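Engineer: With the hints as constraints, model all of the structure from the sequences given.
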Amino acid sequence: MSQQAVFIRHRTKPGQRAAVQKVWQRNMQPAIAANPGHIAYSYCFGADPDVICAFQQYRDADAAHAFLQTPAYAAYLKEVEPLLLGEPEIDILDIQWSK
Numbered sequence: 065m066s067q068q069a070v071f072i073r074h075r076t077k078p079g080q081r082a083a084v085q086k087v088w089q090r091n092m093q094p095a096i097a098a099n100p101g102h103i104a105y106s107y108c109f110g111a112d113p114d115v116i117c118a119f120q121q122y123r124d125a126d127a128a129h130a131f132l133q134t135p136a137y138a139a140y141l142k143e144v145e146p147l148l149l150g151e152p153e154i155d156i157l158d159i160q161w162s163k
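Letter 85 of the sequence shown, counting from 1, is numbered 149 in the working numbering, and no numbers are missing.
Rather than coming from a laboratory, the hints here were simulated on the basis of the structure.
Check before you lean on any hint, since a few could be wrong.
[Stated by the list, open to error] Pair by pair, the computed Cβ-Cβ distance ranges are:
hint : residue 1 : residue 2 : range
1    : SER66     : ILE154    : 15 to 21 Å
2    : PRO94     : GLN160    : 28 to 34 Å
3    : HIS129    : ALA97     : 15 to 21 Å
4    : LYS86     : LYS163    : 30 to 36 Å
5    : ALA125    : ALA95     : 33 to 39 Å
6    : ARG90     : LEU149    : 17 to 23 Å
7    : TYR137    : ALA83     : 14 to 20 Å
All values derive from a computational prediction rather than experimental measurement.
All C-beta atoms in this analysis are idealised placements derived from N, C-alpha and C, irrespective of residue type, glycine included.
Structural biologist: This is the structure we're talking about:
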């Protein structure tokens with residue numbers, strides 16, 4: 065199986081990006097750091113103060129799917145849902161090459 069990447073773009077309610085980041089730091093950061101299926105993970109802010117992007121690189125599709133079933137991910141989603149403007153934009157990518 066080939067490596068898989070996930071690119072996620074969240075749009076927060078106005079002024080809620082910092083609140084979402086705190087929830088991510090509490091729930092997701094430790095889970096990601098401990099997850100052997102993650103090869104890389106970048107949590108990013110751009111010019112728009114209400115957008116959060118995350119680039120996740122997994123060893124394979126099974127690792128990506130398994131991580132989305134973890135209690136940490138479920139807790140994160142439950143807590144941030146009221147802080148977001150709808151569902152995130154998600155792109156699933158088959159990695160052709162990376163360094």
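Engineer: Evaluate each hint against the coordinates.
Structural biologist: A quick look at each hint next to the structure:
A beta carbon spacing of about 18 Å between SER66 and ILE154 agrees with the range 15 to 21 Å that was offered as a hint. In this structure, PRO94 and GLN160 meet the distance hint of 28 to 34 Å, their C-beta atoms being roughly 31 Å apart. Distance hint check for HIS129 and ALA97: the Cβ-Cβ separation is about 19 Å, which falls inside the suggested range of 15 to 21 Å. Here the CB-CB span from LYS86 to LYS163 is close to 32 Å, well matched to the stated 30 to 36 Å.
For ALA125 and ALA95, the hinted distance range of 33 to 39 Å is not satisfied, since their beta carbons lie about 19 Å from each other. Between ARG90 and LEU149, the C-beta spacing of about 21 Å keeps the proposed range 17 to 23 Å intact. As the Cβ distance of TYR137 to ALA83 is approximately 18 Å, the hint placing it in 14 to 20 Å holds.
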